[in-house]
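Novice: Got chain A; can you put chain B on it based on the hints?
Line by line, the protein sequences give chains A and B. Residue numbers for the first sequence follow this note's numbering, beginning at 1 and rising by one. Residue numbers for the second sequence follow this note's numbering, beginning at 1 and rising by one.
These are computed hints drawn from the structure, not numbers from a lab. Do not rely on the hints blindly, as some may be mistaken.
No copy labels: a pair is met if it fits in one copy or bridges any two.
[Claimed, not checked] As a list, the in silico DSBU-like pairs of lysine-lysine whose alpha-carbon atoms are at most 30 Å apart:
{"id": "1", "residue 1": "Lys161", "residue 2": "Lys123"}
{"id": "2", "residue 1": "Lys161", "residue 2": "Lys127"}
{"id": "3", "residue 1": "Lys267", "residue 2": "Lys240"}
{"id": "4", "residue 1": "Lys20", "residue 2": "Lys267"}
{"id": "5", "residue 1": "Lys205", "residue 2": "Lys240"}
{"id": "6", "residue 1": "Lys20", "residue 2": "Lys240"}
{"id": "7", "residue 1": "Lys123", "residue 2": "Lys95"}
{"id": "8", "residue 1": "Lys20", "residue 2": "Lys127"}
Note that this is a predicted model, so its numbers are computed, not measured.
2 protein chains.
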Amino acid sequence: MSDLRAPEHQVAGHRAAPDKLGPLVDGAGLFYKPLQALDRGEQELAFYTAFSAHPDVPPRIRDAFFPRFHGTRLLPTAASPGESHPHLILDDILKGLAAPSVTDIKIGACTWPPRAPEPYVEKCLAKDRGSTSVLLGFRVSGVMVSDPSGVVWRPDRSELKGTDIPGVRRMLRRYVSSVGGEDCALAAAVYGGEGGVLAQLRELKAWFEVQTLFHFYSASVLLSYDANAVTAPGGAPRVKLVDFAHVVESEGVIDHNFLGGLCSLIKFIDDIVSSDKAPPVQS
Amino acid sequence: MSDLRAPEHQVAGHRAAPDKLGPLVDGAGLFYKPLQALDRGEQELAFYTAFSAHPDVPPRIRDAFFPRFHGTRLLPTAASPGESHPHLILDDILKGLAAPSVTDIKIGACTWPPRAPEPYVEKCLAKDRGSTSVLLGFRVSGVMVSDPSGVVWRPDRSELKGTDIPGVRRMLRRYVSSVGGEDCALAAAVYGGEGGVLAQLRELKAWFEVQTLFHFYSASVLLSYDANAVTAPGGAPRVKLVDFAHVVESEGVIDHNFLGGLCSLIKFIDDIVSSDKAPPVQS
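Bound conformation, chain A alone:
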């Protein structure tokens, strides 16, 4: 157990600390996510269980865009010595990235399942209207840029919360820029190209246009890359879906809320790649 530790590169969600529960990594490729309180942990476990075994999920989609699920495990918690807590065992989606730059983007104008209890709906709706979710179809929940020396940019939650549409555009530009700048030096390598973020998001979109299995309320697209590896073979940026505590079964209907937000993100990122290609304005 001694090799389990809090991940260094988490950008959103609950963090582990000596006095509270948080995710752990084993350094060998596994990620342990504590089951969340209320019924969220059970719901996320139910999703992973159903999704992993579902015959109608294309294996390519499952392998490319979701962390692999390896069951659950009881782990002792530093917060309550002598007690243990169930954790989901998942692939560590940042495995092998020496200096990961990560963005967590919560997809959908609406983050509340339609049949959720009223107080929860109201809380989510206020957040959706108070952030860019309703206007933009997504919001940035976390962003972090690293270089070999460590994390070089990680805006805090209050900064993210107050972000408007131009602010999101700046963040998604800065995420692929030289340290401290907004030059989009890595836009073509990270967002563009054959194995880039855009190509992967478009493959995911094609599945969302037809899948009527699940509706992914409040789930995120997590982007990651290593600036020193992204132009090398095998260094392609990664696109994964995470956070499934509010996934519900569909009723024979596509997840139009997630799909709409995903299309908005695609257009937004495509605009960054395109403007990056345009020759700089001469003064």
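Specialist: Leaving out everything else, chain B in the frame of chain A:
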């Protein structure tokens, strides 16, 4: 003026009556829509004016999917003798259909512009949650089937309001079925095929994936066809957008709300065409 009359085949919205304002047609191809109360009429006029002249709207999209706009005209009103009321002059999108069958589908999980006043948002949100809009990404606002003898099916508003997802599926099946049945006899001709509803909706979708000019809150897709002409040359079903009182300018973002609902409608109709193609289950 004497040739103006209330249209026979309206399926949703305000109807003209001796004591109230409603749209009029001239029988020669023009449709007169009274400017709505509050600022809705002015907003719809502003949209048509901006949209008609906008250099970034592809002419093919404007011609295929929108009623042509011919300015405004003051018309005397039966409701208030001696007074006149401004009307939008539009193409009558049902022109030439001897026995039109019409469906009005309000697109989008969310029908309220994000910056609308609070009481209006709350009213719309209640309707969106109380109808299929939130779950399905659209709702049927009106449906009508005609044959040469006249209207043979037109559920009233209370019936439409109480409709759930299976109910919407039944309506969209019945809309292309023999009178009184649910045999989908016309599904291939109306929904399928080269010039059919699905092909047209997909063309519209491709534009919504890239257009960042307008967000079409509370607008409808209006489908129409004539059962006796739909399989003949020139009898292709029609797909038009209508009702623009709540269109707002975009902020460099696609209309993810409309697009998501449109994709949901496409999948829903595609399922009807596909199930219609499958051999019937033998008992």
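Novice: Going back to the hint list, which numbers does this structure go against?
Specialist: 4 and 7
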